[in-house]
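Can you build the whole structure from these sequences, using the hints too?
In the order they appear, the protein sequences are chains E and F. Note that the working numbering has the first sequence beginning at 8, numbered continuously upward. Note that the working numbering has the second sequence beginning at 15, numbered continuously upward.
Please keep in mind that the hints were generated in silico from the structure rather than gathered at the bench. All the given hints hold, so there is nothing to weed out.
Taking lysine to any residue pairs in the SDA-like style, the calculated list, with each CA pair at most 20 Å apart, reads:
1. 449/E <-> 349/F
2. 162/E <-> 124/E
3. 449/E <-> 338/F
4. 179/E <-> 138/E
5. 456/E <-> 342/F
6. 449/E <-> 347/F
7. 456/E <-> 351/F
8. 448/E <-> 338/F
9. 449/E <-> 345/F
10. 162/E <-> 176/E
11. 248/F <-> 235/F
12. 456/E <-> 345/F
13. 162/E <-> 119/E
14. 448/E <-> 342/F
15. 179/E <-> 169/E
16. 448/E <-> 468/E
17. 75/F <-> 181/F
18. 456/E <-> 304/F
19. 448/E <-> 337/F
20. 449/E <-> 342/F
21. 449/E <-> 337/F
22. 248/F <-> 216/F
23. 456/E <-> 341/F
24. 449/E <-> 344/F
25. 449/E <-> 341/F
26. 456/E <-> 344/F
27. 456/E <-> 347/F
28. 456/E <-> 353/F
29. 448/E <-> 344/F
30. 448/E <-> 341/F
31. 456/E <-> 305/F
32. 179/E <-> 159/E
33. 456/E <-> 349/F
34. 448/E <-> 345/F
35. 195/F <-> 71/F
Stretch by stretch, here's where chain E covers chain F in the computed footprint (C-beta under 8 Å, at least three residues):
36. 120-127
37. 262-276
38. 321-331
39. 336-349
Cβ atoms here follow ideal geometry from the backbone N, Cα and C, with glycine treated the same way.
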Amino acid sequence: MFASVRSATLLGVRGSRVDVEVHAGIGLPGFTVVGQPDEVCRESRDRVRAALLSSDLPWPTRRITVNLAPSGDRKSGACLDLAIAVGLLAAQGLLPVEILSQYAFIAELGLDGSLRPVRGATSLVLATVDRQTVVAPENLGEASAATVTQVLSAKTLFQVVECLSGRSEWRKEISKQVLISKSKFVPDLADVQGQPVVRQALEISAAGSHHLLLVGPPGAGKTMLAERLVGLLPSLNDEQAISATMIHSSVQTEFSKCGLIRDAPYRAPHHSSSMVAMVGGGTALMRPGEISLASHGVLFLDELGEFAPSVLDALRQPLEQRVVHLARARTSVVMPAEFLLVAATNPCPCGEGTPGACTCDDVARARYLRRFSGPLLDRFDLRVAVSRPNTTDLISPTAGESTSVVAARVARARSLAFSRFGGTNSTLTRQQLDSAAPLTKKAEELLRKELEAGHLTGRGYHRVRRVARTIADLTGAPQMIDETHLHLALLLRVDFASGLRTRAMQV
Amino acid sequence: MTLLKHHDPQTAWAVVQGRAKPNEVVSAMLRVEGLVTLLRHRATQDLQDQIEQRCIRSGIKITIFGDENYPRALIADLAPPAVLFYFGDLSALNSRRVGMVGTRSATASGRYLASHIAHDLATNDVCVVSGLARGIDAWAHRGALRALESRSAGRPVAVVASGLDVVYPRENAQLWQDIAKRGALISESAPGSPPEAFRFPLRNRILAALSEVLVVVESRDTGGSMITVDEAQKRDVTVLAVPGSPRNVASNGTNQLIQQGCLPIIGAQDVLVALGLDNRRAQENIYDPRVRLSTSDQSLVSMMAGSPFTFDDFVIRSCLATIDAAVSLGRLEALGWIVENSGWWEVIEVRQPLY
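The following block contains the structure:
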């Protein structure tokens, strides 16, 4: 007897369709799984057997062959358990084979016959959109988030059999409100006292998706500021939301639990993170890294200098291309990596940085600054010095502008930018810059002076113009860029090694 | 004996004075330290030859207490060095001598001031003595050398702690050579001695002894400059200090000195007066080539003067919108009234920097 059941496995952040073919034939009783299953997948035999027996369903005393087609691709994870169990029942004639063509099954089985949730339910369901998909009850939220097709659920294997034979009703999609993830508590910008320049830098960064580097002593509030940036970003559109939900669902972060992700994600990996944790990959599983998890949101790297140099340099290519191509011997995947990078660091080993108060000598400072490669520093459009707010600002009763006020300005500036070339200002190409960000005579003069004085490199020249475009958009000047915008753009691009160069200068 | 690698200046001094014979010292050492010292002493003769070889190779000259060219200022000192190694010409010390010291991590204004005061002193034929350390010391030397470029002027003298063939700090290598060529570079340590911590206070005592007047430009309340000040006070050398803003950490030490009764100075003129070289009436007016500021800019500059500030500080104190503040900073920088280093800004009150 033969039965074929539809299911899916996860590769990277995408699901891929798998047909579970079960054949029960004459021969010595036995059970083989073929089609490149991994260890977890092969163990499904024991789980399925126990689940069938505890559900009072028969285990066939025949020679069973389970093929996972396409047999050339490696399958991983326990998400095929339910499909194998259903296939076994159908192969024994306990379920009608014809109706199985309307369903797909994605769930792990417990030894007691219960259905267990799996990682990446969103992506898996997207791989089986042409059928009604059965998942564990815990997966119902994220599974229904991304798809319009019917997602069904049952608590146990026995219930699945009952429903398939029409003796019982499926548990269907849950109420609509679950589909919109509950807004998490996002800290408000009004908590930040004083520090007008950094507030402005956050606003510009959010409006133009400009990567931001915060440099300041301990206690200046760098982490606090970075956490508030995510609240300034607009909520994700449908396409972004589905992509973000797929990524988060595939590693089961707390974001994906309640359905479609609408808020920009915020990720702050510790500085001991490995290269694989950061960019993704690993074994055949190809997990998404932090840069993919932060897609459409903020990736915050605190203590930038403490990250392994190789990890930091691995960020350079995804920063440019907005996706990450991961290739391994068996597979290669492309994962989104469209994040806003915010990094924080101390200005020097003693952390003080103030001229006169800093106790570091030049050699120590130079060694510290050498940790950041020039090409990486160059990718930060905004580099801002953060100083500790003074006491009068800290205890003043007047709060700064709140997140909602600033977010409204950010949204206006973003829509201006999108109306030009359909992207944020940081994505403008050099050719687009000329038409999108025309300079006034005075502004041109100022930039020429900066270039001649050696304060700007060729790449810096274009970056400054992009930032100036965003500043002009925020201040309600959608056409020409004048020198006031450029002055601010230049001041928000501090060269932290300049002090060293001046001091080392010879007569 | 005096050339022993880790010699004790007091013992060496006793040997030169004839109060102790080299042999006695060695046997005393033997009693105290035993065999190790004996073995070390065996090496002494070799070491002495070695050092002599080294001196000849790198052109280092030696003067011993009692020699013709031994600096006269040191003869009557409390703890004169028995031997001095030097490059250049010790006659540089025959003019009036002013010591200049200060912190190694100086602010931009501190560096400019040091170079200007040294330059003006050298122009008035004063020999500027300093320690060739990072920060104030190096900039004082730079200013003094600058004065030598255009006309005859007082020649700079540097007293360093390490051996003369061990350049420390490395970044002053060029300055090291220039001073050796155009003034004098002095050390009490034998060639090859590394810049060990104990050598610096010893160096500071020579620096203080060579100065008629000691000028402290910027100093924190602890640190090497304060040791030099103590040594100067032991020798009744006049100490002058450049005052700074109480907010500026780099000026804590000098402000404290002034509080304790030390005379404040604001330029080279005041130092010349202290030396009895008052020539204020003969001087031409100092010309500041910078564009005069508008009233509003002037008030911004005077508001921010005194200590380094950030863009944030400027926005808060000036009550301007961020974008207007950026324009003001850009304008003032272009006019040369403020400078930026690593995100910190400073008002430059003296005229153009001597780069």
